[in-house]
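There are 2 protein chains.
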Amino acid sequence: MANLRSEDTRRRLLEAATAVFAEQGFHKASTRTIARRAATNIALIHYHFGDKAGLYRAIFTERFKAHDDGLVPLIGESPTFATVYPRLVQRLLTASDDFRRVARREEIEPTGLLGPEWMQPLRRGHDLLVKSLCKELALAAPDLEVDRLAFTLVGMATIFGHNQHVIRQLAPGVLEPADWIEATVRRLTRQALALIESERKAREAARSFRPKALDPKGEPSLP
Amino acid sequence: MANLRSEDTRRRLLEAATAVFAEQGFHKASTRTIARRAATNIALIHYHFGDKAGLYRAIFTERFKAHDDGLVPLIGESPTFATVYPRLVQRLLTASDDFRRVARREEIEPTGLLGPEWMQPLRRGHDLLVKSLCKELALAAPDLEVDRLAFTLVGMATIFGHNQHVIRQLAPGVLEPADWIEATVRRLTRQALALIESERKAREAARSFRPKALDPKGEPSLP
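In order, the protein sequence lines correspond to chains A and B.
In the numbering used here, each number is its position in the first sequence, counted from 1, plus 243.
In the numbering used here, each number is its position in the second sequence, counted from 1, plus 243.
Source of the hints: derived by calculation from the structure; they are not laboratory data.
It is possible that part of the hints are untrue.
Since the list can't tell identical chains apart, any single copy or any two copies may satisfy a pair.
[Stated by the list, open to error] DSS-like mimics (lysine-lysine), calculated; alpha carbons at most 30 Å apart, straight line:
(1) K271 with K308
(2) K444 with K374
(3) K378 with K444
(4) K271 with K295
(5) K295 with K374
Throw the hints in and build the complete structure from the sequences for me.
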């Protein structure tokens, strides 16, 4: 019972802190404001997180943990595109607005509190996606075109996660259906498969337009 | 000669201001710092822009003007996808890092200085893209699926413009070739055409799976 209550306080503090850091930024935000917003007291911030910096770090750690929970089981296996991409899209669409604002503030004015692990979940997602694309395209090893395709596929989803304020202004109906997240995951997956098919064809065309590469001597004859 | 020099000062002030607003935000930035950075004096800020707020607004006006110069001639005409999309992609890839930081700060903490025209170039780009997609898909009027496709196509390009710091960390080679912008415009245009084709097929499939809609009485027979 005590543990449940303690877990609940911790969660409320994380939510309140995300909202306050989003509005005011790390430096202006005070633990007093955060504690008041969470309807608890400053001592419990110190108990759970040490200090303001610890609380700030915990926001990112928790978010990354949520990110990774869906992907980590796939590492080591040989992940298929149909498994990896929908999970990536899902997580890109479901961050809270407050967390997004905190993350953007961190990008613009790094607090220096986060360290290199800030990039790790992004790298993990990218590597898994690249691996699954290599499988789809029957490539032994990734190349820059696969990296480019992976970024394109992430960009298609990111706009529906990070730019909702713009979408709401330009075409509000897009985000209104109750099932818009599931529908977007399905639609983007269908579109992604069309892009993989287009990449396969572009690679075939490049191969057949490079007859010199098929020359048994392996040397292009220069004019 | 005097006009040329004056135009040059104005341009230097805009560049210096973009850099200083990017680093410090609107409120902390001082006209003194901006003038020093532009190697000129505060009186010339007042002469060209009135005050700090005028200078801030001018940064956005100039950027939007650059945005629109490529697109406005297309309004009124019946723009084709092959004309609209490469120009949109080009402009998404070529904003300066400083301008991007200023725009992100404005998103997170609106200064209240910009007014609703802030959205206009985005709306203009979206409307032109939707119009050109309707033409490609032979639709008399746009629907939400066309809006969704338009956002997807913009997202594919946005990631290569706005998230260069992430791409540089994960796969630095992607942004290294001297012609990466032209190559990205070409590649995204090819991929966009594959998505339009996929949309066309999805619409055909939806039509043929809805036989009731073809019922001459125009009424679905409910069980």
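Which constraints among the numbered hints does this structure fail? Numbers only, ascending.
5
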